[in-house]
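Novice: Mapping of the sequence shown onto numbering that gives the first Met the number 0: position 68 corresponds to residue 67, and the numbering continues sequentially without gaps.
Hints are computed from structural coordinates only; laboratory data are not their basis.
Mixed in with the good hints, there may be bad ones.
As the list claims (entries may be wrong) - Calculated pairs, DSSO-like style, for lysine-lysine (alpha carbon to alpha carbon, straight line, at most 30 Å):
id, residue 1, residue 2
1, K37, K130
2, K84, K37
3, K45, K112
4, K71, K45
5, K37, K81
6, K140, K37
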Amino acid sequence: MHLKKYALLLLALVLSTAALQAQTKHKTIKKGAAIGLKTSMNAGQKVFSQYCVSCHQADALGVPHMNPPLVKTTYVLGDKTKLIKIVLNGFNEDVEINGETYSNSMPSHDFLKDQEIADVLTFVRNSFGNKASAVTMAQVKTVRATNKK
Numbered sequence: 000m001h002l003k004k005y006a007l008l009l010l011a012l013v014l015s016t017a018a019l020q021a022q023t024k025h026k027t028i029k030k031g032a033a034i035g036l037k038t039s040m041n042a043g044q045k046v047f048s049q050y051c052v053s054c055h056q057a058d059a060l061g062v063p064h065m066n067p068p069l070v071k072t073t074y075v076l077g078d079k080t081k082l083i084k085i086v087l088n089g090f091n092e093d094v095e096i097n098g099e100t101y102s103n104s105m106p107s108h109d110f111l112k113d114q115e116i117a118d119v120l121t122f123v124r125n126s127f128g129n130k131a132s133a134v135t136m137a138q139v140k141t142v143r144a145t146n147k148k
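I would like the entire structure built from these sequences, with the hints used as guidance.
Specialist: So, in structure tokens, the structure goes:
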């Protein structure tokens, strides 16, 4: 599988909350966001275990020269739209990460629901030492609607 860009695929969870004037409301929203993030991370971990771990491995370090790592790469931590497209379309190009080339192709996972894609990418973007913003179902839905392979 060409997991070059797919390595970017799977990881993000910084939920943004609007600043509120009342401290009580702010705490409530902050608590809700934390619960929402935790729920997304848990669901994303299940999707990762079912569809991603066989190629990217449980530690997300991939397989040398075949399946790229998902740990601290620009594919994973960078542009969410690009990452979503990799999940939807698959990836079939050689990719170089940290001086190593990965050449296995990644199949499309467009059969996953929008929420599953958002959850798994949020999980990947915020696991394995990664720290990036969450991917939302709305973002996946928008990319899917405008997606062109």
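Novice: Now tell me if each hint is right for this structure.
Specialist: Consistency of the hints with the structure:
Taken as a hint, the K37 and K130 pair is honoured in the structure, with Cα atoms around 14 Å apart against an allowance of 30 Å. A threshold of 30 Å between alpha carbons decides the hint, and for K84 with K37 the separation of about 24 Å falls inside it, so the pair holds. About 14 Å separates the Cα atoms of K45 and K112, which keeps this hinted pair within 30 Å; it holds. Restraint check for K71 and K45: the C-alpha separation of about 21 Å stays at or below 30 Å, so the hint holds.
At roughly 24 Å between alpha-carbon atoms, K37 and K81 fall within 30 Å of each other, so this suggested pair holds. Straight-line distance between C-alpha atoms of K140 and K37 comes to about 21 Å, which keeps the hinted pair within the 30 Å bound.
Checked against the numbered hints above, the structure breaks none of them.
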